[in-house]
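J.: Residue numbers (this note's numbering), protein chains in the order written: chain A, 1 to 221; chain B, 1 to 221.
Quick caveat, the hints were computed from the structure, so don't treat them as lab data.
Be careful, since some hints might not be right.
Said to hold, decoys possible - Residues of chain B clear of chain A, computed beta-carbon distances all greater than 10 Å: (1) R34; (2) Y125; (3) A162; (4) L207.
Said to hold, decoys possible - Examples of chain A residues lying across from chain B (beta carbon under 8 Å, computed): (5) V29; (6) N33; (7) L35; (8) V37; (9) E44; (10) E81; (11) A82; (12) L83; (13) G85; (14) P142.
Don't be surprised by glycine CBs; every beta carbon is placed ideally from N, CA and C.
Protein chains: 2
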Amino acid sequence: MRASERAYRALREEILDGALEPGAALAEVEQANRLGVSRTPVREALARLEADGLATAASARVLQVSALDAASIRSLYELREALEGQASRLAATRREPERFTALRERIADAPALLDAGEEGLRAYYDAVDALDDEIESAAANPMLGAALRSVRLHSARVRRLARHHPERLRAAASEHLLIVDAIVAGDAALAAHATHVHLHLSLRHALASIEARHPDGHRVA
Amino acid sequence: MRASERAYRALREEILDGALEPGAALAEVEQANRLGVSRTPVREALARLEADGLATAASARVLQVSALDAASIRSLYELREALEGQASRLAATRREPERFTALRERIADAPALLDAGEEGLRAYYDAVDALDDEIESAAANPMLGAALRSVRLHSARVRRLARHHPERLRAAASEHLLIVDAIVAGDAALAAHATHVHLHLSLRHALASIEARHPDGHRVA
DNA sequence: CCCCGCCTTTATGTATACACTCCAGTTCAC
DNA sequence: GTGAACTGGAGTGTATACATAAAGGCGGGG
Numbered sequence: 001m002r003a004s005e006r007a008y009r010a011l012r013e014e015i016l017d018g019a020l021e022p023g024a025a026l027a028e029v030e031q032a033n034r035l036g037v038s039r040t041p042v043r044e045a046l047a048r049l050e051a052d053g054l055a056t057a058a059s060a061r062v063l064q065v066s067a068l069d070a071a072s073i074r075s076l077y078e079l080r081e082a083l084e085g086q087a088s089r090l091a092a093t094r095r096e097p098e099r100f101t102a103l104r105e106r107i108a109d110a111p112a113l114l115d116a117g118e119e120g121l122r123a124y125y126d127a128v129d130a131l132d133d134e135i136e137s138a139a140a141n142p143m144l145g146a147a148l149r150s151v152r153l154h155s156a157r158v159r160r161l162a163r164h165h166p167e168r169l170r171a172a173a174s175e176h177l178l179i180v181d182a183i184v185a186g187d188a189a190l191a192a193h194a195t196h197v198h199l200h201l202s203l204r205h206a207l208a209s210i211e212a213r214h215p216d217g218h219r220v221a
Numbered sequence: 001m002r003a004s005e006r007a008y009r010a011l012r013e014e015i016l017d018g019a020l021e022p023g024a025a026l027a028e029v030e031q032a033n034r035l036g037v038s039r040t041p042v043r044e045a046l047a048r049l050e051a052d053g054l055a056t057a058a059s060a061r062v063l064q065v066s067a068l069d070a071a072s073i074r075s076l077y078e079l080r081e082a083l084e085g086q087a088s089r090l091a092a093t094r095r096e097p098e099r100f101t102a103l104r105e106r107i108a109d110a111p112a113l114l115d116a117g118e119e120g121l122r123a124y125y126d127a128v129d130a131l132d133d134e135i136e137s138a139a140a141n142p143m144l145g146a147a148l149r150s151v152r153l154h155s156a157r158v159r160r161l162a163r164h165h166p167e168r169l170r171a172a173a174s175e176h177l178l179i180v181d182a183i184v185a186g187d188a189a190l191a192a193h194a195t196h197v198h199l200h201l202s203l204r205h206a207l208a209s210i211e212a213r214h215p216d217g218h219r220v221a
């Protein structure tokens with residue numbers, strides 16, 4: 001694999017994991033030494049991270065890991081509502097219910113996975129992610145797909161802040177099931193509204209989580 | 001200004017103008033010679049264009065100017081509906097009507113500009129673009145703003161294909177006026193729906209334009 | 001006559017050297 | 001003592017050289 005690709009994935013993973021905390025400096029030479037490549041591929045990786053919104057130029061010459069505070073999470077969810085709502089709506093419009101039959105069962109069985117420890121949790125998220133992928137694919141819109149993938153990076157980052165709440169995840173599974181059923185039924189309006197409902201509840205949970213972790217809402221930046 | 005920034009803007013302008021036609025190859029050395037810089041800044045510029053969706057990797061080692069056919073225009077408008085609809089909705093929700101008072105008059109007067117030749121046409125589009133900027137700013141959502149700016153690049157590209165139809169532009173001004181009024185009135189649903197209507201009519205016109213120009217719908221790729 | 005394989009060529013991917021700018025620390029003048 | 005200017009350093013921005021791999025052409029064989 002290309003060195004720039006490896007550097008990009010390594011840095012991205014560390015940002016999503018929180019190993020590189022919000023506000024951490026991303027200097028070319030430092031990262032090049034740490035990753036064992038030259039500045040050139042690191043430079044390319046940093047440019048991609050900035051385009052993704054995972055890194056932000058604090059000044060003309062210093063790049064930082066982007067903040068992840070309540071305000072940016074709200075912004076993210078407003079954007080997700082627009083994009084994922086449209087994706088669900090389009091997926092319903094395409095009338096290809098057979099794409100979702102296997103996936104529906106997988107989502108229906110997902111709550112049981114929450115009693116299967118760490119591995120089950122991973123399987124739960126795999127099922128949810130598979131649904132996202134299928135909706136994106138069914139929407140059959142490359143530009144929307146690109147926007148969704150970008151947004152999913154940030155969602156993954158929020159997910160790792162708010163993870164591990166079985167009660168919420170059980171409810172989320174029901175919400176996802178309703179979305180799938182609306183798509184299968186070809187009910188575009190319901191698909192969009194169910195997505196809205198899911199995101200609303202998910203946002204509420206995410207904000208409560210970070211509030212619990214950082215009582216002062218401005219400390220996470 | 002940095003050489004990479006100049007290279008990016010020059011190439012972007014040529015793609016939007018159509019000087020670089022869809023499918024044209026974007027080779028690093030060729031563009032570096034043409035623009036009078038080394039490969040390094042050109043490389044960075046090409047990476048940004050690819051991230052923007054204005055360039056597409058045809059194979060592992062050849063980058064081309066992205067296609068601009070009926071299918072990609074439809075995709076663009078589905079994405080625009082999601083993003084601009086949400087932006088209008090949020091702008092209405094924020095309840096800052098005073099931001100739009102001057103702009104409303106400007107849009108109301110825009111149709112008269114269509115009788116003022118080339119310069120008037122530019123002024124017309126400046127007014128429309130100013131409205132887009134103000135809605136984006138009023139929506140107060142950095143992530144949505146970034147997505148909107150990306151989409152606006154592609155919209156500009158389509159605009160130059162379908163330009164110069166005074167009748168359509170007069171109608172578009174009325175549609176924009178309705179959007180502004182809905183935002184000023186704080187009517188989020190109407191703002192979103194008026195945006196939907198505007199995009200629907202705009203898409204119909206764009207598709208008719210390229211159909212007239214390329215009777216075979218697949219020739220523009 | 002066609003197809004497979006090798007070779008050449010040409011492009012990209014990476015490393016490195018150099019130039020330049022911005023920031024900080026220090027020193028001097030007021 | 002404070003402020004401003006100068007100087008040093010660290011980091012980015014660009015150019016270039018080298019490594020590498022994919023694509024196309026040519027030749028030989030079937």
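J.: All the hints need checking, so say for each whether the structure fits it.
T.: Consistency of the hints with the structure:
With a cut of 10 Å on Cβ distances, R34 (chain B) stays outside the contact zone with chain A, its closest approach being about 22 Å. Residue placement check: Y125 (chain B) keeps its beta carbon more than 10 Å from all beta carbons of chain A (closest about 22 Å). Once the 10 Å rule is applied to beta carbons, A162 (chain B) is consistent with being away from chain A; the minimum gap is 18 Å. The beta carbon of L207 (chain B) sits about 16 Å from the closest Cβ of chain A, which is more than 10 Å, so the claim that it is off the interface holds.
Proximity of V29 (chain A) to chain B is violated relative to the hint, the smallest CB-CB distance being about 17 Å (cut-off 8 Å). This hint is violated: N33 (chain A) has a C-beta 20 Å from the nearest C-beta of chain B, more than the 8 Å allowed. Residue-level restraint check for L35 (chain A) is violated (minimum Cβ-Cβ distance to chain B is 18 Å; threshold 8 Å). Below 8 Å, beta-carbon pairs count as interface contacts, and V37 (chain A) has none with chain B, the closest being about 16 Å; its hint is therefore violated.
The interface hint given for E44 (chain A) holds, since its Cβ lies 6 Å from the closest Cβ of chain B, which is under the 8 Å cut-off. This hint holds: E81 (chain A) has a C-beta 7 Å from the nearest C-beta of chain B, less than the 8 Å allowed. Given the 8 Å rule on beta carbons, the hint for A82 (chain A) holds: about 4 Å separates it from the nearest Cβ of chain B. With a least beta-carbon distance of about 6 Å to chain B, the hint placing L83 (chain A) at the interface is held under the 8 Å criterion.
The interface hint given for G85 (chain A) holds, since its Cβ lies 7 Å from the closest Cβ of chain B, which is under the 8 Å cut-off. Annotation: interface hint on P142 (chain A) holds; nearest CB of chain B at approximately 6 Å, less than 8 Å.
Hint violations for this structure: numbers 5, 6, 7, 8, all remaining hints satisfied.
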